[in-house]
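Asks: Each chain is listed here by its residues.
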Amino acid sequence: MLIHIEDISKEYKRNDEKFYAIDHINLDIKEGEFLVIYGKSGSGKSTFINILAGILKPSDGSVKYDSLKITDGEDKKISEFRNKQIGYIGQGYTLLPNLTVYENISLSAHLYDKKSKEKEIEEVCKRLGIYKLINSYPKDLSGGEKRRVAVARALINEPEVILADEPTGDLDSENTVIVLDIFKELAESGKTVIVVSHDKDAKNYTNLIYQMDKGKLTRIS
Amino acid sequence: MAGRSFGTFRIAGKNIKAGNFKNVSIIILIAFTAFFLFGGNLIVYGMSEGLNQVRQRLGADLIIVPAGKGREISGILLEGEAGFFYLDNDLVSKVSETEGVKNVTGQYYFASAAATCCDSAKPIEIIGYDPDTDFVIRPWIEKKINRKLDDNAIVIGSDIDLKENNTIKLYDEYYPVIAQLDKTGTSMDQSVYTTKDTIIKIRRSALKKGFDFFSGEEDEIINQISSILVQVDEGSDLRAISRAIESNAGEVEVVEVNSTLNAISSTLNSIKEFFFVFAILFLAMASTTLFIVYYMCAGERKKEFSLMRMIGMTRAKVLSVVLTENILQGLAGSIAGLTAAGLFMYPFSALFNVRIRQPFAFPGVPGIVLLGLLSIFVTTFLGTAAGLLATYYVCTKDTYDIMREGE
Ligand SMILES: Nc1ncnc2c1ncn2[C@@H]1O[C@H](COP(=O)(O)OP(=O)(O)OP(=O)(O)O)[C@@H](O)[C@H]1O
Ligand SMILES: [Mg+2]
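As given, the protein sequences belong to chains A and B, one line each in that order.
Position in the first sequence (from 1) plus 1035 gives the number in my numbering.
Position in the second sequence (from 1) plus 58 gives the number in my numbering.
Simulated from the structure, these hints should not be mistaken for lab results.
Treat the hints with care, as some may be off.
Label pairs and their in silico Cβ distance ranges [claimed, not checked]:
hint : chain 1 : residue 1 : chain 2 : residue 2 : range
1    : B       : Ala398    : A       : Lys1104   : 48 to 56 Å
2    : B       : Gly422    : A       : Asp1148   : 46 to 54 Å
3    : A       : Lys1161   : B       : Leu428    : 56 to 64 Å
Heads up, the beta-carbon is just placed ideally off N, CA and C, and yes, glycines get one too.
Produce the entire structure from the sequences given, and follow the hints as far as they go.
Replies: Here's what the structure looks like:
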């Protein structure tokens, strides 16, 4: 799936002064590519990822997945696309607090697809080392455990694109390797993976490294 | 392991369970609203219904009593006060000759002095009617039975115990009952309607038991009545007919049933008006409060809403989760409120008859069910609308912005 990013920008106001959190980014990302985006805090990485996920509207420009424009269009179409084709892992904690781990993953798995994915849920949870937690509620999990549940949820529908905002930030090195290995495998099987990271190890997984600086994205290797 | 598919209903249920305190407060608020709405309506409706029943049951346009007794008649009819007064039987034919008069019949009142005599908690009023000319009692019981009133028929009010084999016991004797009337919430519910012949029989057995509260001798009673009930031709002038009767029949007083009932009716109307104004204020307050509470909850749950959007729920689906929560809360609250209102109202209706001296009758089962459903609908709708509006208000922004605000 080709991601076509056309001249997107996001303008915010701070102290009555406008500034660009995203400053006119143009980029095409092809199937099977594994991008790592580095950048200082506040440089616009999360803003970028969320515009790609279609949950934040850019002030200008558009993002297309093949022919589907995610930056504006019918809510139902975009929502279904996001559920099925985008595995989004947000920066904060993103689990629904009133549902168990299993229910959180299951909800996403069965939102548009009524076919039972019990087996798949079991598998991905085992792989991420959270299988014994499936009946727990998010409040009872550690930060790293919550992160891995979010990763499991992002993977469950076998999306074409992974958008991950610091997915390894609170993981130990063992789990970081597990998660990055999964991403690498996905990229090798033709999925597109975009990871925002502070983790210097991430660059060992790909040669598509970008730097975000004041809303501008530049390739550094 | 938990079931695999995951409906709106289940998410809503889990959300309600998790937000315990908030939800209990919302449910209590809705319960109060439902309690007030249902209870208040039941009172107003019950009073209207009581009045209606009385109006129907009186069935006459004019009641003729001995001069000076006019003020007692409404007490006797509606409030169960004892009163004995007598007119001459011959007056019936005199009255029926008056122009504009359609039907005339005589009635004869007794009140049993002792409650212990009979199958009733309170003293029984015995009302004698004339089966040949009666036009008052027949219409109510014809709805119940398919039989002409015969000489010995006894019809009883709703508060009198009916023995098996459809009999009642008066002074140790059993009498066959052909019909029991609906409740009116007046002393009519304590009445026994029967013919003169039966009254004479009852009197004899009462005398045998040592009760002597029937004044006069048997042959006097035969020739006496207490009041004359008159139905006039449609569209005729009641005033004129009253005056004609009064000048024709001599020492009598003519009571217009409608003006007696109108006094009650105007009390009822002011209660209704008061209730209406109060209800509107109350509902406005309740819906504002609900809106504020829901708005605050929605504010707190911003992040949750945006997370649902994030995993690919449509805006409509998120709203439907919230809608389901609101409906569940609305139903729980209004059913609780209704139950409380029911428990409160039942003893209240007795109080109404005794203390406030207003005819009061609960509406029948269909009426109560309808009123209940209406109250459930209104309160659930209020809660749901307030909840949805608040949620929608919070959710119209960009998902990511909502999530950040919610952190
Ligand atoms: N809703 C908003 N209103 C105003 N400014 C905003 C808003 N959202 C983000 N910003 C600003 O935009 C800039 C980019 O924010 P963003 O969250 O994308 O940074 P980031 O690169 O993800 O940082 P971090 O590494 O700390 O997560 C920041 O300066 C931030 O303060
Ligand atoms: Mg960020």
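Asks: Each hint needs a verdict: does it hold in this structure or not?
Replies: Now for the hints, and whether the structure bears them out:
1. B:Ala398 <-> A:Lys1104: 48 to 56 Å: holds, 55 Å
2. B:Gly422 <-> A:Asp1148: 46 to 54 Å: Because 52 Å falls inside the window, the suggested range holds.
3. A:Lys1161 <-> B:Leu428: 56 to 64 Å: holds, 57 Å
In summary, the structure agrees with every hint in the numbered list given earlier.
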